[in-house]
Amino acid sequence: MPQQTIEVRTASFADLNAHTFHDLLKLRIDVFVVEQHCPYPELDGRDVEPGTRHLWLTDGGAPLAYLRILADPDGVARIGRVVVAPAARGGGHAGRLMTAALEVVGNRPCVLDAQSHLVAFYTRHGFAVSGPEYVEDGIPHTPMRRDAIDD
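Once you know that position 74 of the sequence shown is 74 in UniProt numbering, the rest is easy, because the numbers rise by one and skip nothing.
Derived by calculation from the structure, the hints in this document are not laboratory data. Be aware that a few hints might be false.
[Claimed, not checked] Cβ-Cβ distance ranges computed for the label pairs, FRET-style:
1. Val104 to Ala128: 16 to 26 angstroms
2. Asp72 to Gly126: 32 to 42 angstroms
3. Val48 to Pro143: 19 to 29 angstroms
4. Gln36 to Ala62: 13 to 23 angstroms
5. Gly80 to Arg124: 14 to 24 angstroms
6. Pro50 to Ala120: 14 to 24 angstroms
7. Cys38 to Ala148: 26 to 36 angstroms
8. His37 to Ala62: 14 to 24 angstroms
9. His22 to Val104: 31 to 41 angstroms
In this text, a Cβ means the ideal position worked out from N, Cα and C, and glycines have one as well.
Generate the whole structure from the sequences, applying the supplied hints.
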């Protein structure tokens with residue numbers, strides 16, 4: 001897969017067409033619900049909020065990687081649903097997507113709940129552990145935070 005054809009896309013829900021949203025949900029469900037054996041309500045209502053931004057990498061076809069940025073009520077950005085398609089793993093896509101997400105977040109504080117085995121990955125992107133590990137859907141998670149960046 002040629003690296004130069006991979007593009008970062010960003011959209012609000014209102015700007016997503018039905019086919020693209022279908023493909024993004026399919027990736028999320030294929031990994032989080034099917035691969036990780038976590039039956040949970042994937043459609044939580046937050047995808048459609050006006051402040052939510054969907055970011056994904058595409059090579060012109062199906063999405064390679066995806067995440068969403070939520071605007072929490074306290075003004076903090078919340079990154080979640082970070083996923084890379086199984087066939088695209090190991091290609092640096094998660095790092096590229098996280099870099100793009102932090103450009104969208106800007107200097108606002110940002111939080112996420114990392115699967116615990118990925119804490120080092122998020123640490124490389126400026127996040128620090130902000131609370132005790134907990135188990136959700138049978139998977140250990142660790143809350144993390146990146147404080148506001150002063151200009």
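Outcome of the hint check:
Between Val104 and Ala128 the C-beta distance comes to about 20 angstroms, which sits within the given range of 16 to 26 angstroms. At about 18 angstroms, the beta-carbon gap between Asp72 and Gly126 misses the expected band of 32 to 42 angstroms. At about 25 angstroms, the beta-carbon gap between Val48 and Pro143 stays in the expected band of 19 to 29 angstroms. Range check, Gln36 to Ala62: Cβ separation about 19 angstroms, and the 13 to 23 angstroms hint holds.
Checked against the hint of 14 to 24 angstroms, the C-beta distance between Gly80 and Arg124 comes to roughly 18 angstroms, which is consistent with it. One distance hint, 14 to 24 angstroms for the beta-carbon pair Pro50 and Ala120, is violated here, with the actual separation near 34 angstroms. The beta-carbon spacing between Cys38 and Ala148, approximately 32 angstroms, falls within the hinted interval of 26 to 36 angstroms. Hint check: His37 to Ala62, Cβ distance near 22 angstroms, so the stated range 14 to 24 angstroms holds.
Between His22 and Val104, the C-beta spacing of about 23 angstroms breaks the proposed range 31 to 41 angstroms.
Violated hints, in rising order: 2, 6 and 9; the structure is consistent with all others.
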